[in-house]
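Peer 1: Chain order of the listed sequences is A and B. Quick note: the first sequence uses the numbering used here, first residue 363, plus one each step. Quick note: the second sequence uses the numbering used here, first residue 0, plus one each step.
Because the hints were derived from the structure by calculation, they are not lab data. Note that the structure is a prediction, hence the values are computed from the model and not measured. Careful, some of the hints might be misleading.
[Claimed, not checked] Simulated pairs of lysine-lysine, DSBU-like, Cα-Cα distance not exceeding 35 angstroms: (1) K556/A with K240/B; (2) K125/B with K627/A; (3) K455/A with K528/A; (4) K851/A with K125/B; (5) K161/B with K618/A; (6) K851/A with K764/A; (7) K619/A with K254/B.
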Amino acid sequence: MFSRVSAVAAIAMMAAVPLAPAMASELRVGFTLDALTLDPANHRNRQTETILRNIYDGLLTRDAKMKVVPELAESWTQVDPLTYDFRIRQGVKFHDGSTMTADDIVFTFERLTKDGAMGGQTSPRKDLVGPVESITKVDANTVRFKLKEPWPILPAMLPVQEVVSKAFTEKVGSQGLATQTNGNGPFKLVEWRKGDAIILERFDDYYGGSPDIAPVGKACVDRVIFRIIPENASRVAALLAGEADIIAELPPYDMKKVEANANTKVMTVNGTRSFFVALNNAKKPFDDPRVRRAANMAVNKALIIDKILLGTAVPLNGVLSPDAFGFNPDLPAYAFDIAAAKALLAEAGYPDGLDVTLDTDGAFKDMAEAVAAMLTKIGIRTKVVVGEGSTIRAKWAPGGEKKGDMFFNSWGNGSLDPADIFVPTLRTGDRGNTAFYSNKEVDALLDAANVELDQVKRADLYKKAQVLVNKDAPWIFLWLPQDIYGVSKRVTGWEPSADSRINLHDACVK
Amino acid sequence: MKPLALLGRTLQLVPVLLGVSVIVFVMMLLTPGDPVEIMLADQQATPQQVETMRHDMGLDRPALERFGVFLGNAATGNFGLSFFHRRPVFDVIAERLPATIELTLAALLLALVIAIPLGVIAAIKKNSLVDRLAAVGSLFGISLPGFWFGIILIILFAVHLKILPVAGRMDFACEVAPVTYLLTIDSLLRGRPDCFTNALSHLVLPALTLALPMAAVLTRVQRTAMIEVLRSDYITFAEAKGLSRRRILWRHALKNALVPTVTVAAIETGSLLGGNMVVETVFGWPGLGRLVVESIFVRNYPLVQAAVLFYAVTYVLLNFVADILYTVLNPRVKL
């Protein structure tokens with residue numbers, strides 16, 4: 363037995379000796395999920411997008427402040443509410459050395475938006491490009507997007523669409539593009555070890571990236587490896603053991619451990635998903651704004667964020683993330699005040715309180731129960747009902763029977779534009795309006811913003827609408843969770859991004 | 000083994016696979032959750048997009064028709080497209096299978112290497128300290144959740160001692176052209192001992208985690224079998240003949256005492272496939288078990304169906320192998 367143990371130990375010692383002195387600078391990302399495919403048009407998955415976005419660039423991108431800036435496009439203009447012209451950057455090379463042209467742009471977006479354009483399949487990302495009527499080459503350097511109806515978030519959505527090479531895609535077919543790449547981004551694919559790792563190396567003929575984001579030029583590190591480690595504890599162990607330099611989705615309860623380690627630190631950034639409790643505005647008791655306001659005053663958000671989310675969320679007084687376009691920082695908060703909430707409830711005709719249910723998906727049970735306990739304290743006696751996602755969503759469908767009382771809900775806003783969250787969740791009858799909220803003034807402001815070309819005016823319209831919604835309180839406004847990363851101190855030049863991308867172009871390792 | 004018996008065994012597979020297909024299909028049907036909704040959940044999709052996807056996946060057709068199409072295609076080895084990878088299920092599974100085979104074989108080997116000597120020693124020195132320790136060890140081996148044990152191993156060997164890696168199959172620096180797709184074997188075949196030790200160092204902890212419960216069971220089986228054999232007449236006769244203790248134990252007793260161990264091991268290998276799902280997740284091992292778990296979460300029906308069929312076939316085959324091994328080790332038994 364003992365000789366066997368020592369044999370294992372000997373093997374272990376041998377393995378500990380590094381294989382070869384690593385001359386090249388290498389950055390390893392501990393990641394939760396492997397890319398589902400390498401075809402940028404044939405998935406709808408955030409992790410896949412994160413990986414591919416280091417291989418491919420988009421027409422537009424976002425700077426550190428989440429402002430949309432040109433990338434493969436040199437500039438763009440909105441001609442009218444339905445027409446956008448993109449001027450294409452010259453001298454951009456694909457990884458095979460060929461030059462990108464306007465034809466590649468047209469091809470990429472036709473592939474995304476036409477039914478059956480990917481070897482018979484339709485892109486799952488089709489509606490992320492909006493109501494596109496046509497995409498045409500105006501001249502050698504200009505591509506025109508024509509829309510069927512106004513869709514002001516087109517520029518905000520373009521950073522998540524990558525441009526592929528027409529010639530390469532036609533050569534390998536859509537099946538081939540699932541496992542091979544010919545990108546135009548800062549890194550090119552070396553090897554995809556499926557389920558294990560995606561290995562990338564610096565593309566030396568890179569055009570430099572967006573001129574609006576310094577530093578412009580080639581990527582800093584020689585090599586990037588996305589290592590797939592789905593289990594949280596193991597991913598954290600990989601960071602602590604020095605096997606990973608950046609890990610995504612660090613669990614909040616492991617933050618202390620990462621901070622306590624001399625070589626690692628925690629980095630956080632606001633996420634894009636707003637949480638709220640949708641109150642049924644279409645029936646008693648929540649058809650009365652006073653009851654809804656009382657409910658908002660009853661919930662001690664700070665306590666829940668502190669105790670359940672371990673401080674990794676920011677409280678909201680409205681629908682938008684603080685990083686979103688048109689965010690109104692001046693919205694009043696519903697201060698936690700049990701006495702005032704009780705008084706308001708009595709004024710609304712419920713001096714003895716009332717009984718309601720709160721629907722939630724199992725994943726949010728603990729938070730829903732905390733909210734329910736706080737509501738019960740002021741007399742809104744709340745029973746939490748845990749249900750399965752699709753069943754709950756059917757119950758709360760805007761076109762449904764509108765029978766529920768409260769729904770613990772959330773809405774993701776990857777574009778960080780109100781048109782993608784404010785409109786669907788709060789415009790009368792829209793597809794995500796689970797509170798059945800309807801305010802003609804709000805609708806008018808949202809509709810005006812939808813066709814407003816002047817971005818300052820558009821932001822202003824959304825800011826006004828936020829004031830109205832804050833006052834009407836169709837929801838209990840909750841919070842916006844943060845994305846948490848564990849990062850090795852040898853990494854410099856990298857910041858987590860509020861659109862949950864992991865952009866490694868500027869990252870260096872010491 | 001007669002050809003007729005072989006044919007009979009093969010035909011037995013048909014109702015098993017059909018039964019498994021029906022059960023899996025019905026279970027997936029009854030599990031709440033909609034793959035289209037999950038796939039498009041990241042950014043809330045428009046109703047048109049949802050309908051296009053549903054049609055693309057064939058989910059707009061009645062369940063019975065879908066099952067018929069699945070059976071028809073499966074009979075020809077076509078398992079359709081994985082919903083999420085949007086590539087043939089067969090390809091996606093084939094990419095992940097070698098990692099699982101390598102891990103399973105390593106765990107099996109490790110379990111045998113631990114269990115057989117330990118069981119024999121425990122039997123010879125019945126009620127001694129070694130026997131008691133083996134009993135306690137077995138109890139632990141069976142009771143420890145693989146999930147917890149794996150993480151403890153990682154924290155000890157990778158984070159604190161820093162002598163073994165946390166996750167993965169092989170470092171980037173090693174690139175070995177595939178022969179068998181089992182990285183340890185391929186690195187030896189390609190003359191890369193450095194890559195062999197590298198692959199082995201990645202394999203040790205997951206294989207140990209996976210092997211532990213099996214080793215525990217096999218130790219007990221081996222001990223019981225050995226005690227029984229040592230009590231039999233022919234051993235007494237061999238002792239009377241004056242054969243050396245060593246010769247009796249290793250030559251006469253062990254061969255017969257191995258029969259139950261080997262058959263149990265063959266059958267238990269099937270349960271290793273289940274254990275793989277946990278171990279592969281903990282150690283980021285790029286195998287089939289993890290893929291299946293991920294696929295169940297996102298309701299990737301075609302992949303789950305194909306993988307469960309694969310598991311069923313493997314299980315039946317392993318039972319078959321156990322039967323054959325039994326006849327080889329014990330010629331009195333005929334199939």
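Peer 1: If a hint holds in the structure, say so; if it doesn't, say that too.
Peer 2: Evaluated hints:
1. K556/A with K240/B: violated (61 angstroms)
2. K125/B with K627/A: Measuring from Cα to Cα gives roughly 54 angstroms; hence the hint is violated.
3. K455/A with K528/A: holds (13 angstroms)
4. K851/A with K125/B: Judged against 35 angstroms, a Cα distance of about 56 angstroms means the pair is violated.
5. K161/B with K618/A: Holds - the C-alpha atoms of K618/A and K161/B are around 21 angstroms apart, at most 35 angstroms.
6. K851/A with K764/A: violated (52 angstroms)
7. K619/A with K254/B: Violated, because 52 angstroms separates the two Cα atoms, which is more than 35 angstroms.
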